[in-house]
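**Student:** Taking the hints into account, I'd like the entire structure generated from these sequences.
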Amino acid sequence: MTRFSRLAAALASVVLSAGAMAETAASTPVHNLVQLSASATVDVRQDLLTISMGTTREGADAAGVQNQLRMALESALAEARKLALPGELDVRTGNFSLYPRYGRDGKMTGWQGTTELILEGRDFARISATAGKIQTLTLGNVSFGLSREQRAKSETEAQAMAIERFKARATDIARGFGFGAYSLREVSVSANDQNFAPRPRVMAMEARAAMADAPVPVEAGKSAVVVTVFGSVQLK
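Add 481 to the 1-based position in the sequence shown for my numbering, that's all there is to it.
Possibly wrong hints are sitting among the right ones.
Pairwise CB distance ranges, derived in the manner of DEER restraints [unchecked claim]: (1) A559 x A633: 32 to 42 Å; (2) N548 x G584: 17 to 27 Å; (3) E630 x D653: 47 to 57 Å.
Bear in mind the hints are in silico, worked out from the structure with no lab data behind them. Glycine included, C-beta positions come from ideal geometry on N, C-alpha and C.
**Tutor:** Shown next, in the form of structure tokens:
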């Protein structure tokens, strides 16, 4: 046998041995493995307000309807930009659609279109005042949430609490079964937030025309930021 042949045979033997060891380890049953989870919740005041405003126009000519929508949106943008401030009041356009209308006989009768403007930020007073000044669009929807900064801060706080609860629970379980310690096998962390009462107060769209130049009344609620730690530990 040549030197090269002997080397190849040795490498093959090592590979086979490693494969056999891996197979043995995989087939060996794991004992004293416990799966558990722990959660923590942080209640935080919602600091992000989003107001969508829009309008619908109809007409026999597509170009005419589109022009009406453009004029309504440009007027609203001009008003909103007066008070726009990054982070406090961000202004952006939303949905814009234009589509034909049909009668019962299936024939096209004209065109209809919609346009939307979004006001969003942390300065509730500035946003609601701006919405009240816009006369070419009507209120569509008001929603509250958490800014990225607030969500990140709350998740960090909840995560630290959840991890400590996970560790404490793992210690209690180990002691309860007569073990002195544990080792962490695997772990996953998930986070989410949900809104709860009080619900935001918004005015009815029907009343929009009666409160020209008046701020939109809004009231934020709270969000519950929940972080859950799930994993398995080896009792020792």
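**Student:** Check the following: the C-beta atoms of N548 and G584 are separated by a distance inside 17 to 27 Å.
**Tutor:** Given about 24 Å between the Cβ atoms, the range holds.
**Student:** Holds or violated: the 32 to 42 Å window for the beta-carbon distance between A559 and A633?
**Tutor:** Holds - the Cβ-Cβ distance for A559 and A633, about 34 Å, lies within 32 to 42 Å.
**Student:** Could one say that the CB atoms of E630 and D653 fall in the range 47 to 57 Å?
**Tutor:** violated, 35 Å
This entry does not satisfy hint 3, going by the numbered hints stated previously; all others are met.
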